[in-house]
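As they're listed, the protein sequences go chains R and U.
Taking our numbering, I'd label the letters of the first sequence as residues 7 to 357.
Taking our numbering, I'd label the letters of the second sequence as residues 7 to 357.
Please note: incorrect hints may appear among the correct ones.
Identical copies go unnamed one by one, so any copy, or any two together, can satisfy a pair.
What the hints assert, rightly or not - No farther apart than 16 Å at their CA atoms in a straight line, the calculated lysine to aspartate or glutamate pairs in the EDC-like style are these: (1) Lys307 / Asp210; (2) Lys158 / Glu302; (3) Lys158 / Glu299; (4) Lys158 / Asp308; (5) Lys282 / Glu79; (6) Lys110 / Glu138; (7) Lys111 / Glu299; (8) Lys139 / Asp287; (9) Lys307 / Glu211; (10) Lys139 / Asp294; (11) Lys158 / Glu311; (12) Lys110 / Glu336; (13) Lys158 / Glu310; (14) Lys307 / Glu215.
Worth flagging that the hints you see were computed from the coordinates, not collected in a lab.
Number of protein chains: 2
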Amino acid sequence: MSNQRYRVENLQQFCANVFVSLGLPSGDADVAANSLIRSELEGAGSHGISRLAIYSKRLREGRIASTPKMSMETFGSVIKVDGGNGLGQVVAYHTLQAAMPLAKKYGLAGAFIKNSNHFGTAAYFCQIACQEKMVLIAMTNSPPGIPPWGGKRAYFGTNPIAFGFPVRQEPPVIVDMSSSVVARGKIILAAKLGQSIPFGWAIDEEGRETTDPSAALRGAVLPLGGAKGYALAMAIEVVCGVLSGAAFGPHVNNLYNDQDPAANVGHFFLVLDIEKWMNLDDYFLRMDQFLQEVKETPIAKDFEEILYPGERRYRTYLQNKTSGIDLSPEIQQELEQLGAGCGVPWPASVR
Amino acid sequence: MSNQRYRVENLQQFCANVFVSLGLPSGDADVAANSLIRSELEGAGSHGISRLAIYSKRLREGRIASTPKMSMETFGSVIKVDGGNGLGQVVAYHTLQAAMPLAKKYGLAGAFIKNSNHFGTAAYFCQIACQEKMVLIAMTNSPPGIPPWGGKRAYFGTNPIAFGFPVRQEPPVIVDMSSSVVARGKIILAAKLGQSIPFGWAIDEEGRETTDPSAALRGAVLPLGGAKGYALAMAIEVVCGVLSGAAFGPHVNNLYNDQDPAANVGHFFLVLDIEKWMNLDDYFLRMDQFLQEVKETPIAKDFEEILYPGERRYRTYLQNKTSGIDLSPEIQQELEQLGAGCGVPWPASVR
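Kindly produce the complete structure, drawing on both the sequences and the hints.
Dropping the structure here:
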């Protein structure tokens with residue numbers, strides 16, 4: 007068996023149908039499917055369709071709610087959200103839809119979300135805000151991945167922070183970075199594909215650097231840039247975990263552990279409605295100048311071009327959108343079996 | 007001549023008197039002096055009293071306004087500030103004083119500040135917010151220090167991001183990190199003291215790694231963690247420069263260049279009034295648990311203790327506060343001459 011290519015619409019429909027078969031309303035199923043497919047198209051396979059199996063398992067077990075009872079309370083320009091243990095993508099999407107009108111009213115709106123789950127890439131939500139000509143700053147915590155500086159056991163999640171800034175001509179500027187050297191998703195994917203990981207990414211349970219992704223998943227991921235990454239991971243843990251009322255540190259449960267109950271992941275969104283304090287045309291002109299100047303910086307040796315954050319993923323997206331999505335035999339087999347269990351047929355490949 | 011120790015109050019008064027002699031109202035002079043002395047006490051000499059000379063020079067030349075005409079406009083929970091080319095510490099302090107009541111009203115408040123200058127450490131403002139039991143997230147841009155990833159000329163500032171979280175028992179959690187491997191202030195201080203810098207901090211004008219701080223100041227500082235630090239520096243440049251209406255990239259002028267006009271630095275503050283959406287006692291209990299758990303993480307080899315961000319600087323502060331401030335001969339001489347030029351006597355040392 008070899009890699010096969012699939013039409014984007016077919017995979018998207020497959021994911022949505024699986025979610026619907028597990029009880030999600032069709033709108034929520036589309037949101038979750040879109041997030042997975044978008045990541046896949048952008049080359050972020052670690053947050054793509056390879057996550058469908060674990061989400062489905064948790065939905066089937068009732069450890070993630072397919073029709074979560076979300077609640078939102080508004081205090082001035084702050085929304086406090088209880089995600090009702092829904093799929094993170096669904097909880098975050100509905101929160102963003104509530105936060106954007108609030109930002110229109112007050113210039114900015116903050117949302118503290120508890121009782122949620124892994125929400126896929128933060129970039130996905132940045133893109134939605136950018137389409138509405140708004141800025142999004144997004145953070146989330148996650149199960150323990152990073153140790154405190156000087157510690158040998160993971161405490162903090164690999165806690166990403168993301169920024170989305172709209173531009174006149176796509177792609178928007180999308181910064182989406184974990185506070186670890188690499189996202190834990192890359193290690194999970196390497197473990198799944200039986201690949202080794204580079205030195206410098208992670209330590210094993212004893213605190214030794216390792217190239218074995220399974221040992222790394224039992225150990226800890228190293229923080230970005232040493233003590234600074236520790237500090238950043240901690241700040242994000244406080245904002246998303248402590249301030250939202252969600253779990254923090256080792257109390258955030260892991261999707262991949264069969265014993266773990268609801269994850270109680272916390273997120274934070276800050277939405278900025280630029281137009282409230284700056285003429286939008288002026289903003290776009292300033293961004294055009296800024297990006298042009300950045301890209302015109304003299305090139306260093308061994309580089310060909312300066313890309314801004316979000317440019318590479320957008321190019322990959324455009325390319326895959328027309329050519330289709332390549333899946334490894336392992337992922338194909340896993341998904342086909344998953345579909346069979348849900349009564350959702352696996353689509354034919356295009357080659 | 008050797009290092010000498012000075013009483014904290016004497017140095018604080020000296021700085022304030024110098025600022026008053028240069029036309030600052032006494033309240034503003036105290037704010038600026040407090041920021042310098044606090045940094046000095048915390049062991050952040052790069053943002054301490056060694057900066058007094060350049061601030062004074064720029065105030066005397068009128069390139070920084072001693073009595074800035076600041077203006078503030080409020081749009082919902084956003085304040086748009088024109089700092090009138092005042093000293094950054096003064097502009098940022100007055101902005102924070104306006105943003106905190108707005109956060110009390112709306113739960114959170116954002117302030118975009120243009121036409122300001124170097125504001126010292128962001129930690130200083132975090133401490134003020136924490137005393138009021140509020141969270142501060144602060145960012146600022148700065149003159150070019152970091153190149154885009156793949157570029158060999160600095161474009162972005164070394165753009166710090168800071169987070170201050172109040173706790174029941176001091177010290178508060180204060181994260182204050184530049185998006186470069188090191189703060190540019192450390193390189194400026196090394197140049198001043200005639201010391202070399204470690205490999206890996208910076209490149210010279212040709213893009214080669216260097217240990218010469220002067221060559222580094224003509225070249226560029228490397229971003230934190232490679233491409234991620236570039237992305238973070240860019241996001242901060244957009245928030246502080248583009249969105250505030252301030253200068254961005256190489257249009258931010260440098261305090262240390264005699265030809266440069268007003269710097270037009272931009273800052274961003276986000277103030278969170280926790281109490282608006284969470285019981286403060288609950289918050290403090292959660293933080294106590296969080297910090298205790300972090301500190302109780304099993305210790306890695308070669309470490310003695312786990313410190314949270316802000317703890318080390320607080321210990322140094324307490325120690326220096328009683329013992330006094332040690333100054334090198336170079337700094338003493340510079341300050342004594344500076345005082346003589348302003349009619350402000352240099353205090354006697356304590357040993």
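Quick rundown of the hints versus the structure:
no.: 1; hint: Lys307 / Asp210; verdict: between (36 Å within a copy, 14 Å between copies)
no.: 2; hint: Lys158 / Glu302; verdict: between (43 Å within a copy, 11 Å between copies)
no.: 3; hint: Lys158 / Glu299; verdict: between (43 Å within a copy, 13 Å between copies)
no.: 4; hint: Lys158 / Asp308; verdict: between (37 Å within a copy, 11 Å between copies)
no.: 5; hint: Lys282 / Glu79; verdict: between (23 Å within a copy, 11 Å between copies)
no.: 6; hint: Lys110 / Glu138; verdict: within (10 Å within a copy, 28 Å between copies)
no.: 7; hint: Lys111 / Glu299; verdict: neither (33 Å within a copy, 40 Å between copies)
no.: 8; hint: Lys139 / Asp287; verdict: within (11 Å within a copy, 38 Å between copies)
no.: 9; hint: Lys307 / Glu211; verdict: between (39 Å within a copy, 13 Å between copies)
no.: 10; hint: Lys139 / Asp294; verdict: within (15 Å within a copy, 39 Å between copies)
no.: 11; hint: Lys158 / Glu311; verdict: between (39 Å within a copy, 12 Å between copies)
no.: 12; hint: Lys110 / Glu336; verdict: neither (46 Å within a copy, 54 Å between copies)
no.: 13; hint: Lys158 / Glu310; verdict: between (40 Å within a copy, 12 Å between copies)
no.: 14; hint: Lys307 / Glu215; verdict: between (31 Å within a copy, 13 Å between copies)
Of the numbered hints given earlier, the model fails hints 7 and 12; all others are met.
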